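Those letters in the sequence shown? Residues -1 to 316, by this note's numbering.
Since the hints were made in silico from the structure, they are not lab data.
Take these hints with a grain of salt, some might be off.
[Said to hold, decoys possible] Distance ranges between label pairs, derived from CB positions:
| id | residue 1 | residue 2 | range |
| --- | --- | --- | --- |
| 1 | Asp208 | Pro104 | 37 to 45 Å |
| 2 | Ile138 | Glu204 | 38 to 46 Å |
| 3 | Ser0 | Val203 | 52 to 60 Å |
| 4 | Ser0 | His285 | 43 to 51 Å |
| 5 | Tyr152 | Arg210 | 22 to 30 Å |
| 6 | Arg210 | Pro139 | 41 to 49 Å |
[Claimed, not checked] Below, simulated DSSO-like cross-link-like pairs (lysine-lysine); rule was C-alpha separation at most 30 Å, straight line:
| id | residue 1 | residue 2 |
| --- | --- | --- |
| 7 | Lys253 | Lys276 |
| 8 | Lys82 | Lys300 |
| 9 | Lys300 | Lys81 |
| 10 | Lys15 | Lys253 |
| 11 | Lys82 | Lys15 |
| 12 | Lys266 | Lys253 |
| 13 | Lys266 | Lys192 |
| 14 | Lys266 | Lys15 |
| 15 | Lys100 | Lys192 |
| 16 | Lys300 | Lys15 |
| 17 | Lys15 | Lys81 |
| 18 | Lys266 | Lys276 |
| 19 | Lys98 | Lys253 |
| 20 | Lys253 | Lys192 |
| 21 | Lys15 | Lys276 |
| 22 | Lys253 | Lys97 |
| 23 | Lys266 | Lys184 |
| 24 | Lys100 | Lys253 |
| 25 | Lys192 | Lys97 |
| 26 | Lys98 | Lys192 |
All values reported here derive from a predicted model rather than from experimental measurement.
Yeah, the Cβ is synthetic: ideal placement off N, Cα and C, and Gly gets one too.
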Amino acid sequence: MSNLRLFAGNAHPALAKSIAHHAGVPLGEMMITRFNDGEIRVQVEESARGNDIFIVQPTCAPVNDNLMELLIMVDAFRRASAKKITVVLPYYGYARQDKKIKPREPVTARLVADLLESSGVTRAVCVDLHAAQIQGFFRIPVDHLYAGPLLADYLTEHGYVDGDTCVVSPDVGGVARASALAETLKTSIAIIAKRRPEVGRVEIVEIIGDVRGKRCVLIDDMIDTGGSIVGGAATLIQRGAAEVIACCTHPILSKGAMERIAASPIQKLITTDSIPFKWPQFIEDGHVEVLSVAPLLADAIKRIHNDDSVSVLFDRTW
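The task is simple: from the sequences and hints, build the whole structure.
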């Protein structure tokens, strides 16, 4: 891997360092500063000519700053004659704007793909995209990785799976993800049917499936305000569930979501470090478990660099 170079922006340096450790390569030298008016300045401090460049940068909050920083980094490497530029996006910001819901709305997830391509990206690596069709927004190769197996292994190894376990999808759109987890764990499945009368407000209509006396595992790709997952957990308990565990890949957790979850019937939140987790007190008290996607991403990076198969990392689509 003599010409593999791994770099990171400011979005998640801890994850980048862990990926570098598992990949067995050092993080490249790069200086990112700001001008007095807030403009981002990037200076790559080692040769990139002819190299296979990988840039780790989840476009999480502050989304616009992290996205712009990524675009500027890519442009710097393109102008430095890098052979290939792969962006590693553990979290893809703007993924929820993947289609028009109302007239005169943008499809911002596609715009982000266009911006990345035009800046010089030759390949993208993503984890648990909110909408699978985002892969089709790119004209370059996209490797879509899944954190589901990590969550499944943790649940199995820590005694959360038995004959009374039921995997629950918090909405109809997440049925495929919940089905994959239920199939892996060999459990039953239930679905929460809901509607959104307005952004940020959720109304639960019905629960499809038997949850009485069950240990319910709520699985979603992301938790933002926590309204869906907390409301779903409360309804499951009302319907006779014995216990509720929540799982997600991307812990956005905005607007007091973590405190809301801690005060809810959810006994444990199992998530990943695709986004920086900023509430260590909830890890220390056992309320949260953060699994690392670094080994998965490091393996994918090495396979891409060596022109090996990435799909062999998974036995199914999640």
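Taking the hints in turn, this is what the structure says about them:
1. About 41 Å separates the C-beta atoms of Asp208 and Pro104, a value consistent with the hinted range of 37 to 45 Å.
2. Evaluation of the 38 to 46 Å hint for Ile138 and Glu204 yields a pass: the beta carbon distance comes to about 42 Å.
3. The hinted window of 52 to 60 Å between Ser0 and Val203 holds, with their beta carbons roughly 57 Å apart.
4. Between Ser0 and His285 the beta carbon distance is about 45 Å. The supplied range of 43 to 51 Å therefore holds.
5. Take Tyr152 and Arg210: their Cβ atoms lie about 25 Å apart, and the range 22 to 30 Å holds.
6. At about 46 Å, the CB distance of Arg210 to Pro139 agrees with the hint of 41 to 49 Å.
7. Between Lys253 and Lys276 the CA atoms are separated by roughly 13 Å; this keeps the pair inside 30 Å, and the hint holds.
8. Taking the CA atoms of Lys82 and Lys300, the gap is near 14 Å; set against the 30 Å cutoff, the hint holds.
9. Using a Cα cut-off of 30 Å, the hinted pair Lys300 and Lys81 holds, with the two alpha carbons roughly 16 Å apart.
10. Note on Lys15 and Lys253: the hinted pairing holds, with a Cα-Cα distance of about 28 Å set against a maximum of 30 Å.
11. For the hint linking Lys82 to Lys15, the alpha-carbon distance of about 21 Å falls within 30 Å, and the restraint holds.
12. A hinted pair counts as satisfied when its Cα atoms are at most 30 Å apart, and Lys266 with Lys253 qualifies at roughly 19 Å.
13. Taking the CA atoms of Lys266 and Lys192, the gap is about 23 Å. The hint holds against a cut of 30 Å.
14. With a C-alpha separation of about 27 Å, the suggested pairing of Lys266 with Lys15 holds against the 30 Å cut-off.
15. Taking the CA atoms of Lys100 and Lys192, the gap is near 19 Å; set against the 30 Å cutoff, the hint holds.
16. As the CA atoms of Lys300 and Lys15 are separated by approximately 15 Å, the hinted pair is consistent with the 30 Å bound.
17. A distance of roughly 23 Å separates the Cα atoms of Lys15 and Lys81; the hinted pair therefore holds under the 30 Å criterion.
18. Taking the CA atoms of Lys266 and Lys276, the gap is about 16 Å. The hint holds against a cut of 30 Å.
19. Our distance criterion of 30 Å between C-alpha atoms is met by Lys98 and Lys253, whose separation comes to about 25 Å.
20. Under the criterion of a C-alpha separation no larger than 30 Å, the hint pairing Lys253 with Lys192 is consistent with the structure, at around 21 Å.
21. Proposed proximity of Lys15 and Lys276 is supported: the alpha carbons are some 17 Å apart, at most 30 Å.
22. A distance of roughly 25 Å separates the Cα atoms of Lys253 and Lys97; the hinted pair therefore holds under the 30 Å criterion.
23. With a C-alpha separation of about 21 Å, the suggested pairing of Lys266 with Lys184 holds against the 30 Å cut-off.
24. For a cut-off of 30 Å, the pair hint linking Lys100 to Lys253 stands: about 25 Å separates their Cα positions.
25. Note on Lys192 and Lys97: the hinted pairing holds, with a Cα-Cα distance of about 20 Å set against a maximum of 30 Å.
26. Between Lys98 and Lys192 the alpha-carbon distance is near 20 Å, which keeps this suggested pair within the 30 Å criterion.
Taken one by one, the earlier hints all hold for this structure without exception.
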